[in-house]
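Colleague: Assemble the complex: chain E is given as a structure, and chain P must be docked to it using the hints.
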Amino acid sequence: GAGVSQSPSNKVTEKGKDVELRCDPISGHTALYWYRQRLGQGLEFLIYFQGNSAPDKSGLPSDRFSAERTGESVSTLTIQRTQQEDSAVYLCASTYWGGSATNEKLFFGSGTQLSVL
Amino acid sequence: AQSVTQLGSHVSVSEGALVLLRCNYSSSVPPYLFWYVQYPNQGLQLLLKYTSAATLVKGINGFEAEFKKSETSFHLTKPSAHMSDAAEYFCAVSDRGARAGNMLTFGGGTRLMVKP
Chain E
69 GAGVSQSPSN
79 KVTEKGKDVE
89 LRCDPISGHT
99 ALYWYRQRLG
109 QGLEFLIYFQ
119 GNSAPDKSGL
129 PSDRFSAERT
139 GESVSTLTIQ
149 RTQQEDSAVY
159 LCASTYWGGS
169 ATNEKLFFGS
179 GTQLSVL
Chain P
63 AQSVTQLGSH
73 VSVSEGALVL
83 LRCNYSSSVP
93 PYLFWYVQYP
103 NQGLQLLLKY
113 TSAATLVKGI
123 NGFEAEFKKS
133 ETSFHLTKPS
143 AHMSDAAEYF
153 CAVSDRGARA
163 GNMLTFGGGT
173 RLMVKP
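Chain order of the listed sequences is E and P. Numbering-wise, the numbering used here comes out as the position in the first sequence, counting from 1, plus 68. Numbering-wise, the numbering used here comes out as the position in the second sequence, counting from 1, plus 62.
Worth flagging that the hints you see were computed from the coordinates, not collected in a lab. No experiment lies behind these values; they were computed from the predicted model shown. Glycine included, each C-beta is placed from N, C-alpha and C at the ideal position. Treat the hints with care, since some could be wrong.
Label pairs and their computed distance ranges (CB to CB) [to be verified]:
id : chain 1 : residue 1 : chain 2 : residue 2 : range
1  : P       : SER71     : E       : LYS173    : 41 to 49 angstroms
2  : E       : GLN152    : P       : SER146    : 40 to 48 angstroms
3  : P       : LYS120    : E       : GLN152    : 39 to 47 angstroms
4  : P       : GLN107    : E       : LEU107    : 17 to 25 angstroms
5  : P       : LEU118    : E       : THR146    : 38 to 46 angstroms
6  : E       : ARG132    : P       : LYS131    : 38 to 46 angstroms
7  : P       : PRO102    : E       : ALA70     : 18 to 26 angstroms
8  : E       : PRO129    : P       : GLY78     : 27 to 35 angstroms
9  : P       : GLN107    : E       : ASP86     : 40 to 48 angstroms
10 : P       : PRO102    : E       : THR138    : 31 to 39 angstroms
In silico DMTMM-like cross-links for lysine to aspartate or glutamate, where the CA-CA straight-line distance does not exceed 20 angstroms [said to hold, decoys possible]:
id : chain 1 : residue 1 : chain 2 : residue 2
11 : E       : LYS173    : P       : GLU126
12 : E       : LYS173    : P       : ASP157
13 : E       : LYS173    : P       : GLU77
Just chain E, with the same shape it has in the complex (with noise of 0.2 angstroms):
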C-alpha cells in the first residue's frame, strides 16, 4: 500500500482480555516502531525491529506486552491481560534504514485507538 496500515483502528476491550493490533509498514521499509499515545502525553517508545536484527524491547512496559515482526513485514503488538491504563493510542512506524544515516524520516499509521473498560 501507500503507506503504514493498522488495524483495527479500535478496539474496545474488557479489562482483562488480550488484544492484538496489527501494522503493515510500506514496503521495502527495514524498520518498523511502535509508540503509544496516551490521552494528553507524547509518544512513549514501545519496541523497535530493524531487519533480522534482534528487536529492542526496551520500551515495553511491562510482561504482558509482546509484538513480533515476520521478516520485514507485518508486526503484532500483543497486550494480554489488558489494564485500564492501557488505554492509548497505538501508532506503527517504519522507515527504511540502509546502515547509514540517511533516512531520518518515520512514516506514520493513523493509529489503534485502545480502550480497555
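Modeller: Same frame as chain E, but now just chain P:
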C-alpha cells in the same frame, strides 16, 4: 540518554499572527532533531528535520526551525498562522551516534489553536 521538553501543552494564536512553539532537548551526542505534526484524525507527518547541515531548517507549509546548540533549542516558527495550521506538534530527538536505526524520543506535544 536523550530527552525533549516542549514548553506549553497548548498555544493559541490569532490567524495571521506569529507562531512560536518551543522545544528544548538534551542529548549526550550531537542530535538529529525533528518536528512532526498531527492533524485531527490523521497520522503523524514529518514537518522538518535538522541533521547537522544548515542550522535554519525550512519545512512544509511555511514552517521553519532553528537549531541553537548553545541554547539546546529547536523552536518551531511560522510568520503568519493559518486556520489550517491547527494541529498537535511534536518535537523529537534522535541520538544518532548511539545505535543502529533512528529511535526517536518525543516531547509531550503542543496543541496549536488558531483563532479567526
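Colleague: Look at each hint and say if it fits the structure.
Modeller: Cross-check of the supplied hints:
1. P:SER71 to E:LYS173: 41 to 49 angstroms: 25 angstroms, violated
2. E:GLN152 to P:SER146: 40 to 48 angstroms: 35 angstroms, violated
3. P:LYS120 to E:GLN152: 39 to 47 angstroms: About 43 angstroms separates the Cβ atoms of LYS120 (chain P) and GLN152 (chain E), which means 39 to 47 angstroms holds.
4. P:GLN107 to E:LEU107: 17 to 25 angstroms: 21 angstroms, holds
5. P:LEU118 to E:THR146: 38 to 46 angstroms: Between LEU118 (chain P) and THR146 (chain E), where Cβ atoms are some 44 angstroms apart, the hint holds.
6. E:ARG132 to P:LYS131: 38 to 46 angstroms: Taking Cβ atoms as reference, ARG132 (chain E) and LYS131 (chain P) lie about 41 angstroms apart, which means the hint holds.
7. P:PRO102 to E:ALA70: 18 to 26 angstroms: Distance hint for PRO102 (chain P), ALA70 (chain E) holds at roughly 21 angstroms.
8. E:PRO129 to P:GLY78: 27 to 35 angstroms: Given a distance of about 43 angstroms, which is not inside 27 to 35 angstroms, the answer is violated.
9. P:GLN107 to E:ASP86: 40 to 48 angstroms: 32 angstroms, violated
10. P:PRO102 to E:THR138: 31 to 39 angstroms: 33 angstroms, holds
11. E:LYS173 to P:GLU126: 17 angstroms, holds
12. E:LYS173 to P:ASP157: 14 angstroms, holds
13. E:LYS173 to P:GLU77: Violated - the C-alpha atoms of GLU77 (chain P) and LYS173 (chain E) are around 29 angstroms apart, more than 20 angstroms.
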